[in-house]
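Residue numbers (my numbering), protein chains in the order written: chain A, 165 to 300; chain B, 13 to 178.
Treat the hints as calculated values from the structure; they're not laboratory data. Treat the hints with care, since some could be wrong.
[Said to hold, decoys possible] If you anchor each label on the Cβ, the simulated ranges turn out as follows:
1. B:R22 to A:N227: 35 to 43 angstroms
2. B:V60 to A:K297: 21 to 29 angstroms
3. A:A215 to B:L109: 37 to 45 angstroms
4. B:P108 to A:K243: 31 to 39 angstroms
Cβ coordinates follow ideal geometry from the N, Cα and C atoms, glycine included.
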Amino acid sequence: MGNIKYLIAGLIFGIIITKAEVVSWFRIQDMFRFKDPYMFLILGSAVITGAISVLIIKKFKINNFYGEAIVIPKKKFNKGYIFGGIIFGMGWFLSGLCPGPMAALIGAGYLPVIFAFIAALLGTYTYSFFRNKLPH
Amino acid sequence: MIENILNIIRSPWPWYVSGPLIGLMVPALLYFGKSLGVSGSFRDICSVSMPNSKVEFIKSNKWKENPWNLFFLAGIFIGGFITYNFLMSPKINLFPLEFYSLKGAIILIIGGFLVGFGSRYAGGCTSGHGITGLSTLQLPSLFAIISFFIGGFIALFLTDFIINLI
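Just chain A, with the same shape it has in the complex:
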């Protein structure tokens, strides 16, 4: 199995987010303009389902695939969450894209999204380059 299980997990995730239309530029526009509660209902029900699942995992101490206890990595807050978050949000609105949908839409054949994808790689590299000089 090795890494193939993550390819399959990605495949299922890709099918779900495309069917859910959360990859849709139009849905993102309607979300930011509060024209349609659809995206908020999706995000809300996803988070509630995820949270209940995590509670069940903790309550019944379910082990993972490798027979080890499931550990949830803790996110450590830094100022980058705010600064980076605002920068990300601006790009999210401008392009109507975030990382998962970029991959799904290129797969679906929307070729201009390749520009956004390559630019996102450049953005990641630029952040990496200036990382030590940025406030965190």
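For this one, chain A is given, so just place chain B on it according to the hints.
Just chain B now, kept in the frame of chain A:
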């Protein structure tokens, strides 16, 4: 029988089906020892394509030992292809035709750059903070999500203001 099931899959899904299915990806990945997130793969691609980079954040990335993000991203790409070509009826347009232009490409390059820069700076994107972080009740992710929306609203007001000026 199989045709009936396929027809149900092909028709549009209501939010109360799609949303919980997205949420179930969190325990699914935890079961396989990972936490759901997409933007980490962008850093991996940087490390893969620039093996001799002197940039510490690119060099220190141990993608060879743990390349799961890249497999996950490739899976999403294939998932988008399969869904759009075989599992969607009626076919729904997901991206506007206006972007098939020079102006569209410029907007996508600026927006995409900010998405790549910002997601790494913020330590995650919509999936890592929005789905995984909130599902596991992590306060830092809530701050990140609020910042995503603040950024989105800033961009919305700026672009609408500029369009009105023109």
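Range agreement (Cβ of K297 of chain A with Cβ of V60 of chain B, hint 21 to 29 angstroms): 25 angstroms, holds
Range hint 31 to 39 angstroms: satisfied by the CB atoms of P108 of chain B and K243 of chain A? Check passed, 35 angstroms falls within 31 to 39 angstroms.
Okay, A215 of chain A versus L109 of chain B on CB: inside 37 to 45 angstroms? Holds: the Cβ-Cβ distance is about 39 angstroms, inside 37 to 45 angstroms.
Distance restraint evaluation - R22 of chain B, N227 of chain A, Cβ atoms, bounds 35 to 43 angstroms: With Cβ atoms ~37 angstroms apart, the hint holds.
In terms of the numbered hints stated before, the structure departs from none.
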